[in-house]
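Here the protein sequences come in this chain order: Y and G.
Residue numbers for the first sequence follow numbering that gives the first Met the number 0, so the first one is 0 and each next one is one higher.
Residue numbers for the second sequence follow numbering that gives the first Met the number 0, so the first one is 0 and each next one is one higher.
Any given hint might turn out to be false.
List of simulated lysine-lysine pairs, BS3-like, C-alpha gap at most 30 angstroms [as the list claims (entries may be wrong)]:
1. LYS64(Y) to LYS146(Y)
2. LYS10(G) to LYS57(Y)
3. LYS79(G) to LYS129(Y)
4. LYS25(Y) to LYS64(Y)
5. LYS34(G) to LYS64(Y)
6. LYS37(G) to LYS64(Y)
7. LYS10(G) to LYS37(G)
8. LYS20(G) to LYS129(Y)
Treat the hints as calculated values from the structure; they're not laboratory data.
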Amino acid sequence: MIGNDIVDLEQAERDSNWKRPGYLIKLFTSEEQFLISSNIQPDCMVWLLWTMKESAYKIDSRISKLREFAPAKLVCNNLIIHDNTATGNVTYNDQLYFTKSVIEESYIHTIASITPEELEVIKIQIIETKEHSLRFGNPDSVSHHGKFLAFVYA
Amino acid sequence: MSNEELIIKLKPIVANYAQDKLALEQINLDTDFIKDLKINSANLVDVILDVEEEFDIVIDNESMERMLNVQSAIEIIEAKLVKK
């Protein structure tokens with residue numbers, strides 16, 4: 000089972016003011032808030048952590064068929080950033096997820112899986128389009144935000 | 000406050016983030032913030048912060064978990080208003 004999430008950084012800047020009082024505390028654990036405040040690019044860290052949480056949540060909600068808005072319960076850890084890529088873990092409801100992210104100038108994209116092996120074979124397709132209903136083949140997970148549409152295939 | 004009054008107060012808040020304007024016009028107890036109004040999940044926290052300001056209440060994380068539709072938002076707001 001795999002999940003993915005994309006954030007269009009321009010769109011995020013337009014739509015979300017994460018500096019708003021009370022915002023970060025509702026979304027992030029205190030450790031994650033520290034990662035954000037201590038990073039030289041806090042915007043980037045906000046959306047990197049957010050895509051990690053969202054991609055793992057998508058796997059959970061597909062399995063459990065349950066929905067909740069509990070971003071701070073999706074806990075990011077073991078985050079390692081190298082150049083424009085990142086790897087990490089998310090834990091949620093006692094399940095461990097593995098994540099891999101790409102940080103580009105215009106977007107951040109994260110894939111998540113339950114096993115590290117699955118993560119290595121995921122194929123990713125990211126296109127620029129406003130047609131959010133567009134599909135190619137039979138993707139295992141779809142994410143759209145702003146001008147980006149991302150598909151991942153196991 | 001009645002459900003109708005609460006929906007009237009809730010509507011301009013969610014209007015700031017709703018991408019589906021038709022669903023917004025037809026807002027009712029069954030309206031789902033994400034599935035119907037197409038509110039971006041990162042903006043759901045803005046809805047919650049706006050609700051806190053508008054009603055002068057604090058929405059704890061446990062309540063926030065359920066705030067995915069109008070029905071549960073109203074239940075949570077009513078419960079918090081009673082405790083004020």
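Violations among the numbered hints: The structure conflicts with hint 3 only, although it agrees with all the remaining ones.
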